[in-house]
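K.L.:
As numbered in UniProt numbering, residues 1 to 356 make up the sequence shown, in order.
Among the clues, some could well be false.
Here are the simulated distance ranges between beta carbons [said to hold, decoys possible]:
id	residue 1	residue 2	range
1	Leu247	Val150	22 to 30 Å
2	Asp18	Thr40	40 to 48 Å
3	Ser3	Ala249	27 to 35 Å
4	Ala41	Gln205	54 to 62 Å
5	Asp182	Gly280	39 to 47 Å
In silico EDC-like pairs for lysine to aspartate or glutamate, Cα to Cα no more than 20 Å straight-line [unchecked claim]:
id	residue 1	residue 2
6	Lys147	Asp180
7	Lys102	Glu224
8	Lys82	Asp71
9	Lys105	Glu224
10	Lys312	Asp236
11	Lys93	Asp282
12	Lys270	Asp303
13	Lys102	Asp80
14	Lys105	Glu119
15	Lys219	Glu274
16	Lys320	Asp348
17	Lys102	Asp348
18	Lys27	Glu121
19	Lys34	Asp112
20	Lys47	Glu31
21	Lys47	Asp80
22	Lys27	Asp71
Read the hints as simulated data drawn from the structure, not as lab findings. Ideal placement from N, C-alpha and C gives every residue a C-beta, glycine not left out.
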Amino acid sequence: MKSKGLSGYDSPYVPGWDCHGLPIELKVEQEYGKPGEKFTAAEFRAKCREYAATQVDGQRKDFIRLGVLGDWSHPYLTMDFKTEANIIRALGKIIGNGHLHKGAKPVHWCVDCRSALAEAEVEYYDKTSPSIDVAFQAVDQDALKAKFAVSNVNGPISLVIWTTTPWTLPANRAISIAPDFDYALVQIDGQAVILAKDLVESVMQRIGVTDYTILGTVKGAELELLRFTHPFMGFDVPAILGDHVTLDAGTGAVHTAPGHGPDDYVIGQKYGLETANPVGPDGTYLPGTYPTLDGVNVFKANDIVVALLQEKGALLHVEKMQHSYPCCWRHKTPIIFRATPQWFVSMDQKVCVRSH
Numbered sequence: 001m002k003s004k005g006l007s008g009y010d011s012p013y014v015p016g017w018d019c020h021g022l023p024i025e026l027k028v029e030q031e032y033g034k035p036g037e038k039f040t041a042a043e044f045r046a047k048c049r050e051y052a053a054t055q056v057d058g059q060r061k062d063f064i065r066l067g068v069l070g071d072w073s074h075p076y077l078t079m080d081f082k083t084e085a086n087i088i089r090a091l092g093k094i095i096g097n098g099h100l101h102k103g104a105k106p107v108h109w110c111v112d113c114r115s116a117l118a119e120a121e122v123e124y125y126d127k128t129s130p131s132i133d134v135a136f137q138a139v140d141q142d143a144l145k146a147k148f149a150v151s152n153v154n155g156p157i158s159l160v161i162w163t164t165t166p167w168t169l170p171a172n173r174a175i176s177i178a179p180d181f182d183y184a185l186v187q188i189d190g191q192a193v194i195l196a197k198d199l200v201e202s203v204m205q206r207i208g209v210t211d212y213t214i215l216g217t218v219k220g221a222e223l224e225l226l227r228f229t230h231p232f233m234g235f236d237v238p239a240i241l242g243d244h245v246t247l248d249a250g251t252g253a254v255h256t257a258p259g260h261g262p263d264d265y266v267i268g269q270k271y272g273l274e275t276a277n278p279v280g281p282d283g284t285y286l287p288g289t290y291p292t293l294d295g296v297n298v299f300k301a302n303d304i305v306v307a308l309l310q311e312k313g314a315l316l317h318v319e320k321m322q323h324s325y326p327c328c329w330r331h332k333t334p335i336i337f338r339a340t341p342q343w344f345v346s347m348d349q350k351v352c353v354r355s356h
């Protein structure tokens, strides 16, 4: 733009600054404290505005000194009252045209910041987590026998999931399987389990079973919408089809909690599942989640959930594993995926056409 401007082209450069964000608030907190302790939220926002203006002035001087040509007297600032007013006007039109709706979507959440984190604010460190295999017992045992064309099954039939986040199980609303994978019905001692056929051997080794028999196989698509009982929450969940299911690890059946994961959320929207979030901003379970979990920190709850699964007879295996885990760049502590209230603007062409 500079070279074009010097060559006589009409190429105005209007510099601009994004004046909103958590880093500004954290900086002001360090100097003045949190709102509510010594001053109101309105006074805190005024301090943030003052801090942002100071940073804009400093950076503007640096850019001018570097020889950057631009309209430095009239920059674009997201905190300009005129800009904010125009945003409100535009939002009013969006609402009037029926494009805005409220929902919930999982985001990176730091329980120490009590705030959502951007992707750039997430770092990864090694973390030790419990790795568990859990049996979800089929609601209609006869329907599954018919799918696998078998009758001689000893004990109940269950679909087995594998997860490293036991604390998310209260928010489970489905089990995802791959439509094109072969799934095997495997007879083990006193029960039969459904697993991806290619993972049967590794799962049997993991859960310590040497004597087993594959009774039959079907494609994952054949199991769609069959229902399975949640091990301790007292409701049924469906088997659904998802492209995110892999054979890299686990059982070929993925515990799905739409309120606690991006893939889970996407597939949940497709099937109209509830985006349940039983976890508060501080990382503890909300009242009414489950009697032994209410008010407990989610990471401390892992052991409680494992014990609960053991008590219910749904735990096939548990072990500790080390894996790369997302952490807050400020506190260096583990973060969670947590559904928070979000506003969505519809980009559906049919809606846009109807509004004009």
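K.L.:
It remains to establish, for every hint, whether it holds in the given structure.
P.N.:
Checked hints:
{"no.": "1", "hint": "Leu247 x Val150: 22 to 30 Å", "verdict": "24 Å, holds"}
{"no.": "2", "hint": "Asp18 x Thr40: 40 to 48 Å", "verdict": "25 Å, violated"}
{"no.": "3", "hint": "Ser3 x Ala249: 27 to 35 Å", "verdict": "53 Å, violated"}
{"no.": "4", "hint": "Ala41 x Gln205: 54 to 62 Å", "verdict": "57 Å, holds"}
{"no.": "5", "hint": "Asp182 x Gly280: 39 to 47 Å", "verdict": "42 Å, holds"}
{"no.": "6", "hint": "Lys147 x Asp180", "verdict": "15 Å, holds"}
{"no.": "7", "hint": "Lys102 x Glu224", "verdict": "29 Å, violated"}
{"no.": "8", "hint": "Lys82 x Asp71", "verdict": "18 Å, holds"}
{"no.": "9", "hint": "Lys105 x Glu224", "verdict": "24 Å, violated"}
{"no.": "10", "hint": "Lys312 x Asp236", "verdict": "15 Å, holds"}
{"no.": "11", "hint": "Lys93 x Asp282", "verdict": "36 Å, violated"}
{"no.": "12", "hint": "Lys270 x Asp303", "verdict": "32 Å, violated"}
{"no.": "13", "hint": "Lys102 x Asp80", "verdict": "27 Å, violated"}
{"no.": "14", "hint": "Lys105 x Glu119", "verdict": "15 Å, holds"}
{"no.": "15", "hint": "Lys219 x Glu274", "verdict": "26 Å, violated"}
{"no.": "16", "hint": "Lys320 x Asp348", "verdict": "45 Å, violated"}
{"no.": "17", "hint": "Lys102 x Asp348", "verdict": "16 Å, holds"}
{"no.": "18", "hint": "Lys27 x Glu121", "verdict": "15 Å, holds"}
{"no.": "19", "hint": "Lys34 x Asp112", "verdict": "14 Å, holds"}
{"no.": "20", "hint": "Lys47 x Glu31", "verdict": "10 Å, holds"}
{"no.": "21", "hint": "Lys47 x Asp80", "verdict": "15 Å, holds"}
{"no.": "22", "hint": "Lys27 x Asp71", "verdict": "28 Å, violated"}
In the structure shown, a violation is registered for the earlier hints numbered 2, 3, 7, 9, 11, 12, 13, 15, 16 and 22, in ascending order.
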